Structures are given as C-alpha cells and as structure tokens.
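What follows is each chain in one-letter form.
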Amino acid sequence: MRILRTVTAAGVLALLGLLVWSVVHRHGPGVAVAVDKGETVLAPKLDLPRLDAPGRLSLASLRGKVVVVNFWQSSCLPCKQEAKVLASAASYWQTRGVVFVGVDSLDLKSTGRAYMKRYAVNYPNVRDALGSTYPNWGVTGTPETFFIDRRGRVVPPHIISKASRQNLDEGIRRALRS
Amino acid sequence: MRLLAAAVAALALAGPAAAACLHPASQSKLESELVCLQCHETLDESSSAFATQMKADVARQIALCRSEQQILDSMVAQFGPTVLSTPQTHGFDLIAWLLPIGGVLLGAAALAAGAWYWSHGRDPRDPPAPPALTPEDELLVDEELARF
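Chains A and B, in that order, give the protein sequences. Just remember that this note's numbering sits 470 ahead of the position in the first sequence, which is counted from 1. Just remember that this note's numbering sits 7 ahead of the position in the second sequence, which is counted from 1.
Hint data in this document are derived by calculation from the structure and do not stem from the laboratory. Values in this document were obtained by computation on a predicted structure and should not be read as measured data. Heads up, some of the hints might be wrong.
Within a straight-line C-alpha distance of at most 27 Å, the following computed DSS-like cross-link-like pairs (lysine-lysine) qualify [what the hints assert, rightly or not]:
hint	chain 1	residue 1	chain 2	residue 2
1	A	Lys-550	B	Lys-62
2	B	Lys-62	A	Lys-587
3	B	Lys-36	A	Lys-587
4	A	Lys-579	B	Lys-62
5	A	Lys-550	A	Lys-587
Calculated from the model, a selection of chain A residues having no Cβ within reach of chain B, i.e. all distances over 10 Å [as the list claims (entries may be wrong)]:
hint	residue
6	Leu-485
7	Pro-499
8	Ala-530
9	Ser-561
10	Asp-577
11	Lys-587
12	Pro-594
13	Arg-620
All C-beta atoms, glycine included, are put in the ideal place defined by N, C-alpha and C.
Next comes chain A alone, as it looks inside the complex (with noise of 0.2 Å):
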C-alpha cells in the first residue's frame, strides 16, 4: 500500500511540476502588441533557413541597419496583391541601407519559390516551416509588416494586411529616424 501512496504521489508532483513548466514557458502576446500601443521594443530572435540561397540568415547578423520584416505565404492574396509594391520599395531603399527580408511561413518550399520567381521578389527571404516565429513576433496572419531601427528595435507602425508604397516608406522613415 505503501508503494501505491509513493507512485501516486510521485504521479501527482509529475503533473505539477509540467503545469509549472507550461506556465512558466508560455509566449507573451508577442512585440506587436506593444509596437500597436507606440512602443518601440527588442525586436526577437529570427535566425532561420534562407529560401532563395543555401545557409541561414539572422536577424542579428543586420544590426546597424534598418530591416523591414514581411511575413508572407504563397497562398495569401493580400500578400500577392502587396509583392510588387514591396520588390519596388526594396529596390529604391536598398541604396539607402535598407534591408528587406521576407519570411515565407507555413509553406511548402516549392510554392515559395514559384511565389518569388513569379513576384519577382529580389530582397532575402527565409522559411519559417511551422511559423515557430509566430508567438514572438505576435504575428496573427499574413501579411504582416514590421520596422528594425539600426540598433534592432521594432518601432511603430506595425502593417497588418496589406502594406502601400506609403506605408513602408513611413514605417522605413521612421525607424531611420529612431
């Protein structure tokens, strides 16, 4: 009787202890809540494979220059619809000291590329399979864009849906400024 008190308790300290570990490692609502709000935050973590070349591209690797980050699928219209104005606007700032990267999330490799080649896409962009950036970012869907200052901070405005020539310009403007 012993043994079953010992192997039930141990069962019960083992849920507990996973509770713990689930709470504790839960994401926050990501830094687009707060870039919503005005708030200019550490942009997280993006280290990911590349789609357009062999190797891997991080976001670290960029500080000192202003990023835009777009979050993209193949199989998005808005995203379709915003591509063009996007490979144009990141044409124009890339003499600038702009970077663009794209992030093509829940998408098969294949679709990914067919998208670049048939957009034109011109700027780097990486695959985030299982749109693991997702939490950390506080991306809901796609397209969404965000602005990295030079000292890799998100500042405001963050574009939910589709993004205007106007749009990007501010936000690069912006984070150029900041």
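Guided by the hints, dock chain B onto chain A, whose structure is given.
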C-alpha cells in the same frame, strides 16, 4: 515523313505508359496521414489554402510515381514530424505509443494489488480483538438473555 509520324505516335503511346505506376500511392490515404499545419486538421478534412497546396503537391508526387513513404518523408523533411497525423514509431514520438500502454498496465497492476490487499491483506493497525469475557460477565449475559 512516315517514319516521323510513327515516332510521334510511338512517343504518344509510350508517354502515358511510362507515367502509369505499378503501385501508385493513394491520394486519399496520404491526405488522411498528413496534417494541414495552419488549421491542424488532416488534409482530407481541410479546405484551407495551405491544405489545397499540400494536396496538389501530394498529387504531383504521386504522378511522379513516388511511393507513399517517399511522399511522407518529403513532407517530414520540409515540415518535421508534426506534419504527420499519427506519431512516428521511433525516437521521441515512440513515447506517444508507449505511454498509454504503460498507463493501462500500471492501472491494471494497481487494481490487482488493491483487490489482493482487500481480500487477503490485513492492516496491522486494525484494532485488536476484544478480550474474552470473564466467567462472571458470561453469567450476567446469560441471565440477561434468559429474560427475553
């Protein structure tokens, strides 16, 4: 010209024959074994845009005569084992299969031990049997009983 026409006809006939697989993988079976990572439902139950893309990719691979395992492997290579609707039978996922069996065995063992204890066991902390009555007390009890 006749030779050219014959060659074209032969190619036209040989094309579909070459494309036909001996044991083509089942699209419906694969759709039940793969999960749409956006809506977390199996592909056959999902009509999301992502699931539609995955179904199209499965169909493309079937047309290339890839086996069911090859197609599943290609999906796992792209998205990891979470793309499968059932856990794998090796590595860490094996726990998902073993844990319920272990739980059932443990429960059965606990029930058996409890049953044995209740039928055979005796708690040493049980109160001791009451002391036997003294001859005087027995006489009193007999007298009381005789009145009824």
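Check the hint pairing Lys-579/A with Lys-62/B against an upper bound of 27 Å on the C-alpha distance.
Since the Cα atoms of Lys-579/A and Lys-62/B sit roughly 14 Å apart, the hinted pair holds (cutoff 27 Å).
Take a quick look at Ala-530/A and tell me if its Cβ sits farther than 10 Å from every Cβ on chain B, holds or violated.
holds (24 Å)
Between Lys-550/A and Lys-62/B, is the straight-line Cα distance small enough, at 27 Å or below?
Measuring from Cα to Cα gives roughly 21 Å; hence the hint holds.
Far enough from chain B: is every CB of that chain over 10 Å from the CB of Arg-620/A?
holds (34 Å)
When you look at the beta carbon of Lys-587/A, is every beta carbon of chain B farther off than 10 Å?
holds (16 Å)
Since Ser-561/A was said not to touch the interface, does its Cβ keep a gap of more than 10 Å from each Cβ of chain B?
At about 28 Å from chain B, Ser-561/A clears the 10 Å cut-off, so the statement holds.
Was Leu-485/A rightly flagged as not at the interface, with every chain B Cβ beyond 10 Å?
Given a closest Cβ separation of 13 Å, the condition holds.
Pair hint Lys-36/B and Lys-587/A, alpha-carbon separation not exceeding 27 Å:
violated (32 Å)
Is Pro-499/A truly not at the interface, in the sense that its beta carbon sits beyond 10 Å from all beta carbons of chain B?
Check passes; 20 Å lies beyond 10 Å.
According to the definition I'm using, a residue is off the interface if its beta carbon is farther than 10 Å from all beta carbons of the partner; does Pro-594/A meet that for chain B?
The claim holds: Pro-594/A sits with its nearest Cβ about 20 Å from chain B, beyond 10 Å.
Far enough from chain B: is every CB of that chain over 10 Å from the CB of Asp-577/A?
About 7 Å separates Asp-577/A from the closest Cβ of chain B, which leaves it inside 10 Å; violated.
Between Lys-550/A and Lys-587/A, is the straight-line Cα distance small enough, at 27 Å or below?
holds (12 Å)
Comparing the model with each earlier hint shows violations of hints 3, 10; every other hint is respected.
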